[in-house]
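Participant: Start from the sequences, fold in the hints, and give me the full structure.
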Amino acid sequence: MQKLKKQLPFWAIVIAVMALAIGVSVATTVVLIHRDTVAENKQTIQRRILRVARSTAKMPAVKRVIRASNAGADTNLQTVIKPLVSRDDVDFIVVMNHQLIRLSHPRAKSVGHHFSSVKDPAPALRGQIHYSQKPGVLGPEYRVFLPVYDRGRVIGVVCVGLTQQNLDQQLQHKTRPILLGGLLGFLIGCILAILLGMYLRYLLLGMEPSEISERIARQKLIDDSLPEGIVAINRNGSIISANQTAQHLFGQPLSLNDPLPATLRALLFAPATRQTSGSEVAFQDKRLLVTTNDLRVRGRVIGQVSLIRDMSAITGLIDKLAGTEHYISSLRAQTHEFMNQLQVINGLLELAEYPRALQFMQEITNSYHQDVGAVTDKIKWPAMVGLILGKRKEAKEQGLSLTIDAQSAVTQVTFENRVEVLALRIVSNLLDNAIAAITAPKPTDQVTLRLALTATGTLTIVVTDTGSGISPAVRTQMFTQGFSTKGPQRGYGMSLIMAAVTTLKGTLAITANSPQGTVVTIQVETGAPK
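Counted the way UniProt numbering counts, the sequence shown spans residues 1 to 530.
These are calculated hints, taken from the structure and not from any lab test.
Heads up, the beta-carbon is just placed ideally off N, CA and C, and yes, glycines get one too.
Heads up, none of these hints are tricks.
Lysine-lysine pairs mimicking BS3-like chemistry, simulated, CA-CA at most 25 Å apart: (1) 134 <-> 109; (2) 63 <-> 119; (3) 119 <-> 134.
The following label-pair restraints were derived from C-beta to C-beta distances: (4) 297 <-> 390: 46 to 56 Å; (5) 251 <-> 436: 28 to 38 Å; (6) 515 <-> 256: 54 to 64 Å; (7) 257 <-> 525: 31 to 41 Å; (8) 211 <-> 296: 17 to 27 Å; (9) 502 <-> 235: 31 to 41 Å; (10) 454 <-> 515: 23 to 33 Å; (11) 24 <-> 150: 54 to 64 Å; (12) 359 <-> 251: 52 to 62 Å; (13) 228 <-> 257: 20 to 30 Å; (14) 24 <-> 496: 51 to 61 Å; (15) 525 <-> 407: 11 to 21 Å; (16) 436 <-> 509: 19 to 29 Å; (17) 21 <-> 228: 41 to 51 Å.
Facilitator: Given below as structure tokens:
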């Protein structure tokens, strides 16, 4: 058996499996349809024989003969019932009096004799409708027994039915097309299975799946061992190859045959990336060098492939060195300013201008408390303090005042790195939007920030501005990435805020400020007890 399995080609296995599946499917369908047809046919027959029985039981002639028979008269209904049997397409209509003596029957010799099975018509004598499927005088029968009423009293019974032979013929007539259709469907399915098997053999170039899988596995091992990312797509934009390095770089699974996300397609397969030296692009916090080429088979372009190199480590080092240089320059400027202030104080002391020297030192102290102390006294969060001081400087350059609400209170606490990054991102983008909302600053315009951390770790962020506010039309789209009222290449701030709030399982509310402006209130769970 094992030898036969090895020798059996793949396309033959496909044909056999599909033929079996089609056969089982068709057989199951035929059985289910046949069962439903039998049940439906039975209900149809029940309704038909009951209708005939009711119409017969209501006939005045039938009631008259039954009354006469109950009174002892020797009478029958053969001449009345016989035309009804032909008209209503039933096999028999048997009318009985109260003593269950037949007054009509397909066989004339049975008229005047008691009904063969007393149990079946007994419920009808009690006023009940009763169905029965038992052997009768004509063989196996399916019948209904219906009481005949006269002035509210049961005076007899009507039995209407069909023989089992007739029922089988009717059922066979209805199910024959089903069986023929199932057989035809099976034959068509087998033909299609054969055609599919031949087509698969053509597509696989005569190779067996084991050969193909071995080649693919070998190629995948090679691709995944490369330090560069590889992403290949076909002409429809579906992924045909993506190694682990590429998936790690983009932080998402890139499954075969799935459409390449539009953002990645625009990033990797832009015309600029077709340069020989490649093109440097940005993705999230990464710097990537992307080189794109066409995939060709027998001179025909079947897709494109991108080679991606992560330049983040190099650019990160460059940025870090640049940041250090800026930090040193800032320290030099602060040192220079501090030395100037010391020289002023020293000069005032040498001139014995002690009140003026004291006043100057108080001005320096007040300036410190206004710029730094007002923040550090309420917020014991170094990273957040640094962010606020930077934003305050930006606001001051635009003629605005960025103040800290008196109700702010964040004591010294250590956050998880992920939580701290997201919280800083929320505050940074909110302050940027609030500052940008005030386009023509007046002396009364200001931006206010309130930060409060509860004992359970709930961080409340409230940013209030006196800008132009947010229209209803903008509010419905403001969280959509890329949507902005500030021009192209914008529209990421609010989407980043919403993403961060969702990650921290928080809430966001936007209300109007009085008399003008906007109030944004956010509550997030930091998991850091106060």
